[in-house]
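Asks: Sequence:
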Amino acid sequence: MQISWWTMGLPILRNMGINQFNMNRCMFRLSTGKRINSAADDPAGLAISQRMESQIRGLEMAKRNSEDGISLLQTEDGYLDSVHSILQRMNELATQCANGTLKPEDRKYADIEFQQLKAEINRIGRDAEFNEMPLFDSTRNSNIDKSDNTIKIHVGANSNQNISVKMHDMNAAQIGIGDAKIDTQENAQKAMDAVKNAINDVSRKRAVIGATMNRLEFIVQNQGNAIENLTSYQSRILDADIAKEAMEYAKNNILMQVDQSLVAQVNKQGQNMVDMLKKMLGQ
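The sequence shown stops at residue 316 when you use my numbering, and every number in between is there.
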């Protein structure tokens, strides 16, 4: 007589092992929140997600670069705003001294202030810095491309994705007031023209700075959108579907309980068979 009751339990035990493995995998995914926790889970998906990670991190740093570029331009514009205010005062003094009602000593005193204001413009041109880099003296800034007086702001995740930002050399001589003085009525009239031209020159510089700041702000917005979209795409690849994994865990848990119940029944049948054999043998 062939006794085959135990062979019925082997498939059940195999299913129990499979269900236990699936339960453990679901539990691990639920605990980490990730669908891919190792290369074995999805080799292709892992490779794609790593490329996305590199792109995202590169864009995040490029976004910081762009924001640093905006900060540089804001600093430069702040200094030029001060120069604008100084030039407006110099224009007032020149206009005052161009009037024929002033005495020579009045113009002399006014010229003292005029020259001090000019010296302050020179000081700004010499000492203004951003991150210890001169803003208005390209001869002392190694980051400036001397061929076109620009610096490069890297705005992308890949090489050569940069924009050129115009820098501006600036001192009293370069904006046309190096020799200006208001010690006589004639000189004051000449100084008026020179100062007005200087005001226009600084205004043009600030217009270029403002336009570049606006461009960088749009770049930052685009970088933020790209980072958000790439992160969402990476999340769809990497992250676990919590609801799905919870359902899978519950399903495999139920199957495990069913298998355990079946194994118990098989064991009971086996014990009954043993008891019957004992009776047959008179034990």
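Derived from the structure by calculation, the hints contain no laboratory data. Incorrect hints may have been included.
Once the Cα atoms are required to be at most 27 Å apart in a straight line, the calculated DSSO-like pairs of lysine-lysine come out as [stated by the list, open to error]:
(1) K96 to K199
(2) K185 to K96
(3) K277 to K136
(4) K199 to K185
(5) K229 to K141
(6) K67 to K223
(7) K199 to K223
(8) K229 to K214
(9) K96 to K141
(10) K136 to K199
(11) K229 to K136
(12) K179 to K96
(13) K67 to K214
(14) K199 to K214
(15) K141 to K67
These numbers come from a predicted model, not from an experiment.
Asks: With the threshold set at 27 Å, check whether the alpha-carbon distance from K136 to K199 stays at or below it.
Replies: 45 Å, violated
Asks: Between the alpha carbons of K277 and K136, is the straight-line distance 27 Å or under?
Replies: Answer violated: K277 to K136 is near 92 Å, above 27 Å.
Asks: Hint check: K179 vs K96, CA-CA at most 27 Å. Holds or violated?
Replies: Within the cut-off at roughly 26 Å; holds.
Asks: Hinted pair, alpha-carbon criterion (27 Å max): K199, K185. Please report holds or violated.
Replies: 9 Å, holds
Asks: Does K214 lie within 27 Å of K67 when you go C-alpha to C-alpha?
Replies: Cα-Cα ~73 Å, so violated.
Asks: Below or equal to 27 Å on CA atoms is what counts here, so check K141 against K67.
Replies: With Cα atoms ~79 Å apart, K141 and K67 exceed 27 Å; violated.
Asks: Going straight from one Cα to the other, do K229 and K214 come out at no more than 27 Å?
Replies: 14 Å, holds
Asks: Given the hint that K96 pairs with K141, test it: the Cα-Cα distance must not exceed 27 Å.
Replies: The hint is violated at about 53 Å.
Asks: Is the Cα-Cα distance between K185 and K96 27 Å or less?
Replies: Status holds; Cα separation ~14 Å.
Asks: Can you confirm whether the C-alpha distance between K96 and K199 stays at or below 27 Å?
Replies: Holds, at about 19 Å.
Asks: Are the Cα positions of K229 and K136 separated by 27 Å at most?
Replies: Given that 27 Å is the threshold and the Cα spacing comes to 24 Å, the pair holds.
Asks: Verify the proposed pairing of K199 with K223, using a straight-line Cα cut of 27 Å.
Replies: This hinted pair is violated, its Cα atoms lying about 30 Å apart.
Hints 3, 6, 7, 9, 10, 13, 14, 15 from the list above are not met by this structure, while the remaining hints are.
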